[in-house]
Amino acid sequence: MTARAAILAKIQKANDRSPTAEEAYLAWKELPRSYCCVAGADRESVILLLEGRLRDYEATVARCCEKDAVNAVESILAGRSKRRILLPEGIPSSWLPMGIEFVVDRAFDAQALNRFEGVLTCASVAVAETGTVVLQNRAGQGRRAVTLVPDYHLCVVRMDEVVATVPEAISRLQATSHLATTFISGPSATADIEMTRIKGVHGPRVLDVLLME
Amino acid sequence: MSGGALDPRTASAFPMAAKAAMSDGQMRKNVRHATEVIQAKRARVVAEMPDWQELREAGKQIRQHTMLYLDVYLEQFEDNCSRAGGVVHWARDAEEARKIVVDLVKASGSRDVIKIKSMTTEEIGLNRALEGAGIQPIETDLAELIIQLGKDQPSHIVVPALHKNRQQIREIFQREMNLLELGEDPQDLADAARKFLREKFLHVKTAVSGANFLIAETGGVCVVESEGNGRMCLTLPETLITIAGIDKVLPRFRDLEVMLQLLPRSATGERMNPYNSIWTGVNASDGPRVFHVVLLDNARTTILADHESRQTLNCIRCAACQNACPVYRQTGGHAYGSVYAGPIGAILTPQLMEMHHAQSLPYASSLCGACYEVCPVKINIPEVLIHLRNKVVRRNTSGFPGMFSPEAVAMKALAAIFRSEKRFRAAQRLGRMAEGPLVRKDGWINWLPGVLGGWTKSRDLQEMPKETFRDWWDKRGKA
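Same order as they appear, the protein sequences are chains A and B. When you line the first sequence up against the working numbering, it's residues 1 to 213, in that order. When you line the second sequence up against the working numbering, it's residues 214 to 692, in that order.
Hints should not be assumed to be uniformly reliable.
[Unchecked claim] Calculated cross-link-like contacts (lysine-lysine; reagent style BS3-like; alpha-carbon spacing at most 30 Å):
hint : chain 1 : residue 1 : chain 2 : residue 2
1    : B       : K242      : B       : K319
2    : A       : K10       : B       : K604
3    : B       : K604      : B       : K591
4    : B       : K591      : A       : K13
5    : B       : K625      : B       : K604
6    : A       : K29       : B       : K591
7    : A       : K10       : B       : K312
[Claimed, not checked] To be clear about the criterion: a stretch of chain B counts as covered by chain A if any three or more of its residues have a C-beta under 8 Å from a C-beta of chain A, and this derived list gives those stretches:
hint : segment
8    : 398 to 405
9    : 442 to 452
10   : 498 to 511
[To be verified] Partial list, derived from the structure: chain B residues whose beta carbon lies under 10 Å from chain A:
hint : residue
11   : Q349
12   : P350
13   : D354
14   : A429
15   : C435
16   : L469
17   : Q474
No lab work stands behind these hints: they were computed from the structure. Cβ atoms here follow ideal geometry from the backbone N, Cα and C, with glycine treated the same way.
Using the sequences and the hints, build the whole thing.
Here you go:
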């Protein structure tokens, strides 16, 4: 008997039955979900909540409108003294200021990624309640390594990508749930030493978020 | 308390180990500080959630449901993960799992592997098996790195090095990383770990991880972490091997909306931990090209068969029960003789040992119920503790040898005494006479002879009253 067959048989014996996938699905649909799925707050309060929660975990937040994006990006990157920035495919060129070198990801290896000063991406969705931006492997967001190895991340979030709660975010991600997905809540951090939260261990040590109207 | 691996088969019984641990004042101070900080953070972010109790109930129901349909969901996970290019393996026990992983690492051609913190790999003793095969495992979580470099053992599920303070960590790093000038500020220590591991992340070709959740519906795997070491291991190597208990499966992607609210707030007191990674199989342009998942039973199906304690399997390893436990907070984790310490360890470990070892752990609790109150999926740990105590007693008093065990003999004698009023009165008189030489001036007894000494080892006993209620009542009637 294979390990697989042995384990499945022991489960069926423990449960005293071998249900079908259909039965499992019907029972799953009946599970109680009386927790809050959609927040009642108005848009502006949701955006303000997101800003507050991002700042709580030491991300920096700015706002701009799309036609002003290039100036906002320039001032943020200049403020961080960044000169060489990595981009996933799909970032509009109209956002990119002159005077800073932008390089589109061409399947660079880890060492090459490590030589960039930072990365600029968009997001799939942002969760106000938890101060989270969610990235998936698609246009404007790229593969997971590009937002990991460079030490700085500037993330542009469009206002219509902001939701209030985790359940709203999960429901927006459902259709593309097969894509590699990363939830990012503030810069990399640890509390392993005396439970003191320290910013920045292995992921980007600085996270800036630009909210775009 | 460092050195030897935490193995319930060879560990001292809890009362002995706890007594030894209690003499380590520094460790107790560190544990007290850390658990107080996490508890306060947890309380703050839980209070923010008006629907916390509804989330807990949903969490419990999802986990209960999963266990009832576990075979269906594991097969679904296997199908969907395989379809996306992953390779699924099944392991009946720790030995099978170790062999699968060691063989996979050998096949990948790596002489070293980078590891994400994983209690499941601790449970099966993977690092020793890898070292035995000439493969160097490199722990990349800061706390696990501290444990590995300090040749220590984890003492907490989420923050395994919480028994060490910054000075102790600095000493370990100075010695093992050869950094004589290292400061003791936590930021300096984290920076040292960043530099130490960076090269390894960029070059090592094989990684080993655990998993927080396996998603049956999509075949996806979810890992929850803080530092980014997890993302490094999941993203940069060519081969990724994930080991997960069969209990880690979730029915559908949507269930994450409950678990990703319950877990971070309960575990680290954060609204969301810095990074959650979800990936499905392999993707030619993103992450490892070879992906294996090892589904581990290791007595989980035996736990599932016990209907009174199967709720143990609902655990999502947040460690809130450890932080809340008055026993754990005094003894620290090592006294439990298992990688799973605290209340959840007290019920999980003996069951993983199929009740052959760690029989003292169900008694490592005052049954105060703090663990149940904070559990995000409402595992009634006190109820399971009592059930397991019954199992231990039944085990040790059953059969012919059991008839002569001191506990069984004492219980039978007690039963005979309580059945007859005459015998009961006689026993009370006898007790008053017998205790005479043992009572101190203040009316307390702190030492009893022979097998009775078990009672006074950890508590004092007040002397019996000079007159029983019955004697007083009789006299009163005559007066």
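Report holds or violated for the interface hint on B:D354, using the least CB-CB distance to chain A and a cut-off of 10 Å. Result: holds, 7 Å to nearest chain A Cβ.
Does the segment 398 to 405 of chain B contain three or more residues whose Cβ lies closer than 8 Å to a Cβ of chain A? holds (count 4)
Mind checking the CB of B:Q474 against every CB in chain A and telling me if the closest is under 10 Å? holds, 5 Å
Status of the hint placing B:L469 at chain A (closest C-beta pair under 10 Å): holds, 6 Å
Between B:K604 and B:K591, is the straight-line Cα distance small enough, at 30 Å or below? holds, 22 Å
Proposed proximity, B:K604 with A:K10 (alpha carbon, max 30 Å): Given that 30 Å is the threshold and the Cα spacing comes to 21 Å, the pair holds.
Taking only the CA atoms, is the gap from B:K242 to B:K319 under or equal to 30 Å? Violated, at about 43 Å.
Answer holds if the nearest beta-carbon of chain A is closer than 10 Å to that of B:C435; otherwise answer violated. holds, 9 Å
Hinted contact B:P350 with chain A - closest CB pair below 10 Å: B:P350 check fails; min Cβ-Cβ to chain A is 17 Å, beyond 10 Å.
Taking 8 Å as the C-beta cutoff, is the stated coverage of the segment 442 to 452 of chain B by chain A satisfied by three or more residues? holds (count 6)
Classify the hint on B:A429 as holds or violated, based on whether any CB of chain A lies nearer than 10 Å to its CB. holds, 9 Å
Pair hint outcome, B:K625 versus B:K604 [Cα-Cα no greater than 30 Å]: The hint holds at about 18 Å.
In this structure, the hints that do not hold are numbers 1, 11, 12, in rising order.
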